[in-house]
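Colleague: From first to last, the protein sequence lines stand for chains A and B.
Residue numbers 4 to 424, in the working numbering, belong to the letters of the first sequence in order.
Residue numbers 515 to 578, in the working numbering, belong to the letters of the second sequence in order.
Bear in mind the hints are in silico, worked out from the structure with no lab data behind them.
Treat the hints loosely; a few may be bogus.
As the list claims (entries may be wrong) - SDA-like cross-link-like pairs, simulated, lysine to any residue; straight-line CA separation at most 25 Å: (1) A:K414 <-> B:I570; (2) A:K414 <-> A:L375; (3) A:K205 <-> A:G175; (4) B:K565 <-> A:G175; (5) A:K92 <-> B:S567; (6) B:K565 <-> A:A152; (7) A:K411 <-> B:G571; (8) A:K378 <-> A:A152; (9) A:K378 <-> B:S567; (10) A:K419 <-> B:Y530; (11) A:K226 <-> A:K296; (12) A:K80 <-> B:I570; (13) A:K378 <-> B:E576; (14) B:K565 <-> A:P286; (15) A:K378 <-> A:L216; (16) A:K414 <-> B:K554; (17) A:K411 <-> B:E576; (18) A:K296 <-> A:C366; (19) B:K554 <-> A:L362; (20) A:K289 <-> B:E572; (21) B:K565 <-> A:K226; (22) A:K7 <-> B:K554; (23) B:K565 <-> A:L362; (24) B:K565 <-> A:K205.
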Amino acid sequence: MDVKQRIAEANQQAAECLTENDPYWVDIRPAGECVEGLEDHMILHSGPPVNYENMVMLHRRGMVSAMLFEGWAKDEKEAVEIIRSGEIKIDSALNYNTVGAGTGIITKSVAMNVIEDRRNHTTAATFPAEGPVFQGGFCGWGLYNEGIAENLRYMREELFPPMREMLAKNGGIAIKPILAESMQMGDENHTRQTAADLLFDKQVLPELFELDLPKEQIMRTVKYIVETPRFFHCYGQGASRAAAIAADGMEYSTMVTAVAGNGVEFGIKIASLPGQWFTAEAPMMKGRYTSTKYTEKDQLPWIGDSCVVEVAGMGGIAAAASPIVCNLRGMTLQESIAQSREMENICITRNPNYVIPNLDFDCLPVGIDIRLVLKTGICPAIHGGMFSYEGGLIGAGMARVPMECFQKAMKAFAAKYSDRK
Amino acid sequence: MDQKPDTNAEKKTGIYKDKPAVANLGIMLFYQALADQGCKCVQINWIPEYKQSEEIGELLDEFL
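When you get a sec, could you build the whole thing from the sequences and use the hints?
Modeller: Written out as structure tokens, the structure is:
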């Protein structure tokens, strides 16, 4: 078998990790118990690895916030001193079986959703939605105050126990049917989860009400679920991450398994070189701001790991499923369809689970192949939220993964697999 | 403003004789502008072949 055949075979297997996956939400546990390799005095962040000195302010503040949340420092000054001393291990969340949405700060005591992929035999942990109570912002947005920290503790101690009891009773909630159905109801499952939220609620709420717990306790959890916008987002990310992890380490595969930014650099990883990042300057997003007071000057270059859903064929790949999201950028229905059709040129296969009415019931493409990106010059379209330099979500839009990431990945792939050395 | 009568109308031949029917390749903007004017047109999604560097081109020859 020649190298091209080996690649084709490996990519087919890698793509099957994405299309044949079987993810279930099975538990909520402290990150220290479900993120493999997450040690004490260790902080994970979104995007490619970056050291404290080179971090954008949002990540720096996240580091300090994590130090205070865990009680590793008594104040900001001490936290910075300890971080700079090198006592704290800092790493990218995507180097582990987790995903760092937004700033993606994860430490051992933070409660995480646990997603178990029963086909791929992998688990991934995702940061839960931080609820409807706006304590001046959210941790994931790069903000921090005592109210935000207290909310995280409140979620862990008060809101999550009924959910855990429900999951123990029913054995887990299947995620894939919700993703598949919501894709036919206007969600692309990156920027929009309107349908997925309702489908999730329909399944989960009756089971919560059946628990033998005080009504007030159940209602607190129910309100948290139904009043939190885009509640299902973290489950889509967890399912995608668990599938991508399964492809990591697959020899000869040129499929992309991670796409993320840290506000400075943007990076990708590929299945056959799981320990390596291929980076370029983080792109800016085009889209719509939440207020006319914001302009591109306020927008931080791409930060966050949520493009893990694009890795699994959702978000920007699935634009045709959600012309509503694309219209936020002024796109027409035809242009939304054209975006997904364009992505077909750079993907390994189609996902039979995501059959899209706007594509005349064609299936969405899935499995980005670095070779096809380089051959066609078509960079993957990615949807996401815009963050400001000061922290906080200021809009939503789209960007393209920089071509330089794919060029570097191809050269590294050749260094490992070329016979022409 | 009054339009002047087209005194050359009877002399039009070939493609100028009938209303145009357009197959637009590539940029959607042209298709949209024609469609907005009631022109019979179809859009063909097409982009020119992408040229990578020689080094990447050689790697693609080897691996794709």
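Colleague: Checking each numbered hint in turn, tell me which of them this model violates, lowest number first.
Modeller: 4, 5, 6, 8, 10, 11, 12, 15, 16, 18, 20, 21, 22, 23, 24
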